[in-house]
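Using the sequences plus the hints, can you model the full thing?
For the sequence shown, the numbering used here begins at 9 and goes up steadily by one.
Think of the hints as simulated: they come from the structure by calculation, not from any bench.
Even glycine gets a Cβ: it sits at the ideal position worked out from N, Cα and C.
Errors might be hidden in some of the hints.
As the list claims (entries may be wrong) - Here are the simulated distance ranges between beta carbons:
hint	residue 1	residue 2	range
1	Cys371	Trp18	23 to 29 Å
2	Val105	Ile388	43 to 49 Å
3	Lys389	Ala209	27 to 33 Å
4	Asp149	Ile475	18 to 24 Å
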Amino acid sequence: MTLNTQKYTWLIAALSVLLVGFSIYTAAFGVFPDVIQRGTHLALALGLVYITAIRSENMGWKALILIGFGIAGMSAALYQAIFYDAVVSRYGAITDVEIWVAAAMLIILLDATRRTIGWSMVILALAFLAYAFWGNYLWGDIAHRGYGIKRVMSQVFLGADGVFGTPLGVSATFVILIVILGALLESTGASKVLMDIAVSATGRSRGGPAKAAVVGSSLMGMISGTAVANVLTTGTISIPLMKRGGYRPHVAAAIEAVASTGGQLMPPIMGAAAFLMADIIERPYTDIATAAIIPATLFYVAVFSAVHLEAVRNKLQPMQKSELPSARAALLEGGHVLIAIPAFVGFLLNGYSVMYASLAAICTLALLSCLRRTTWLTPIKFVQTCRAAAEAVLPVAMATATAGIIIAVVTLTGIGLKFSSLIVTFSGGSLLAALILTMVASLILGMGLPTAAAYILVATLAAPALINLGVNPLAAHMFVFYSAMLSAITPPVALAAFAAAALSGENPMRIALVAVKYGMVAFLIPYFFVFDPRLLGIGEISTLIMPVVSAIIGTVILACSLQAWFFGPAGWVMRTLLFVGALLLIMPGHLTNLIGIACILAIWARQKAISLNTSGVGTP
Numbered sequence: 009m010t011l012n013t014q015k016y017t018w019l020i021a022a023l024s025v026l027l028v029g030f031s032i033y034t035a036a037f038g039v040f041p042d043v044i045q046r047g048t049h050l051a052l053a054l055g056l057v058y059i060t061a062i063r064s065e066n067m068g069w070k071a072l073i074l075i076g077f078g079i080a081g082m083s084a085a086l087y088q089a090i091f092y093d094a095v096v097s098r099y100g101a102i103t104d105v106e107i108w109v110a111a112a113m114l115i116i117l118l119d120a121t122r123r124t125i126g127w128s129m130v131i132l133a134l135a136f137l138a139y140a141f142w143g144n145y146l147w148g149d150i151a152h153r154g155y156g157i158k159r160v161m162s163q164v165f166l167g168a169d170g171v172f173g174t175p176l177g178v179s180a181t182f183v184i185l186i187v188i189l190g191a192l193l194e195s196t197g198a199s200k201v202l203m204d205i206a207v208s209a210t211g212r213s214r215g216g217p218a219k220a221a222v223v224g225s226s227l228m229g230m231i232s233g234t235a236v237a238n239v240l241t242t243g244t245i246s247i248p249l250m251k252r253g254g255y256r257p258h259v260a261a262a263i264e265a266v267a268s269t270g271g272q273l274m275p276p277i278m279g280a281a282a283f284l285m286a287d288i289i290e291r292p293y294t295d296i297a298t299a300a301i302i303p304a305t306l307f308y309v310a311v312f313s314a315v316h317l318e319a320v321r322n323k324l325q326p327m328q329k330s331e332l333p334s335a336r337a338a339l340l341e342g343g344h345v346l347i348a349i350p351a352f353v354g355f356l357l358n359g360y361s362v363m364y365a366s367l368a369a370i371c372t373l374a375l376l377s378c379l380r381r382t383t384w385l386t387p388i389k390f391v392q393t394c395r396a397a398a399e400a401v402l403p404v405a406m407a408t409a410t411a412g413i414i415i416a417v418v419t420l421t422g423i424g425l426k427f428s429s430l431i432v433t434f435s436g437g438s439l440l441a442a443l444i445l446t447m448v449a450s451l452i453l454g455m456g457l458p459t460a461a462a463y464i465l466v467a468t469l470a471a472p473a474l475i476n477l478g479v480n481p482l483a484a485h486m487f488v489f490y491s492a493m494l495s496a497i498t499p500p501v502a503l504a505a506f507a508a509a510a511l512s513g514e515n516p517m518r519i520a521l522v523a524v525k526y527g528m529v530a531f532l533i534p535y536f537f538v539f540d541p542r543l544l545g546i547g548e549i550s551t552l553i554m555p556v557v558s559a560i561i562g563t564v565i566l567a568c569s570l571q572a573w574f575f576g577p578a579g580w581v582m583r584t585l586l587f588v589g590a591l592l593l594i595m596p597g598h599l600t601n602l603i604g605i606a607c608i609l610a611i612w613a614r615q616k617a618i619s620l621n622t623s624g625v626g627t628p
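Right, here's the structure in full:
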């Protein structure tokens, strides 16, 4: 039997509008108790996952199964909201019926997570559940006393912990509103305005299309908040543009992948992980956004420098003037919708919550969109915006709910403390070794996961080890956030590279390897802000100027070392000296900075001497 699934389109639209409407309503009039707010958010998200799956299956009997899963999942997610008073009165005691409800919830949630973000998160959650049930059969420090099904299900399902814990709460309050704002900006043409500005500003320089991708992705990161969404938005414009400019397809895709990855770090509207961090370390979101300014700047300076040096080395030509869009025309046509971004920042700086600031920006944008017919939010466009917002939040909702299972097991068994102790033990008490181990763990745990999900894992398991070694808590969490973010371009499972591969038609593994090359400097940056918290904006402004300037220069020199070009080709000896000089420049301390400058000046003098005796050597 074949089922006509086209009729489910209206149901997807209805659930999307309901999810957006519920989120805006609670932002305006106050959120419900945790399990009601989070349960409703999860129920609507699960419904959307399965209705969307029905459309893609186009099979009658499979559709019936999916409908059953969707109804059961929504019912299980809403169970605590419906029986709120009875559940609260029992203080965490679980009934036999609720064990079955919890089991159904877990099965359906894991299946929905598999359908949304793949197997990685599901396998991790199953491994942690197995550890909760049978960890008593293990050995040494990782063993625990063992827990029965009642205790585990109570921990994972009941109350405002586990599935309905803080991560899902962040998705149901902060993230969904930021996603709605981003979807509105996209539907009103903000992304085109930003890309036109980026291309207009950089197109007349060497490697202009690639630089436009870097600038455009950094700006679009304020809207999309995820690497994959950023690639799929800006990449449709930048990758063909780079290919026409002389970049090989896999190089163009790699540049877009690494540039889009950094968008999650870009203030003022960062990725979902930033809102999770604010909640976990109990700091205002403005503190997180402020701390991200310098690392984000260094990230894009590194990528921009690598792109420029690649263009110089390969003698790529600037774009023709006739190919460039007009930034002025773009701003006149749709620049008014961008006012929503400073409106969001203004409300934050005036002490309003992220939810209220987001709501104010959404209302501002809705009003501004009426100023021109091209940006007007028509009813059809509004429904399309709701669908885009719902689609974008599904991976975050599934990832955060599933992460709640892992966090519940970590809390129940104490494995988080044991994992942190293992990092400290293996590092021998060395902070540098602990940082390397933590980054490796972050990249491995983040394989195939959205940054938000990867951050939750490493923030729970690895960040406490760094804090125990004396690292500033903000620096420790920013380090694991940065590391989790970079998993989007790290082989073998690099989500941003796979998204870029879909646009370029190239091998995703090849793209990931080239992306790592362009982003290599970015892998080093988080070590420096751990050793020098001033690079997170911690301290008086007068004390930040010198370390920031030296860090920017050092980042550019690092790119020169890795790209083998510094006012001309650089051999291995020169590259090594440049690398050492750059590290010394970024490291805190006047003496190390002076030695770094001396190394760089020596290489510069050597290259000038070579250029006097050799013709045909270009300069950047």
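Against the structure, the hints:
| no. | hint | result |
| --- | --- | --- |
| 1 | Cys371 / Trp18: 23 to 29 Å | 27 Å, holds |
| 2 | Val105 / Ile388: 43 to 49 Å | 44 Å, holds |
| 3 | Lys389 / Ala209: 27 to 33 Å | 29 Å, holds |
| 4 | Asp149 / Ile475: 18 to 24 Å | 20 Å, holds |
In this structure, none of the earlier numbered hints is contradicted; all agree with it.
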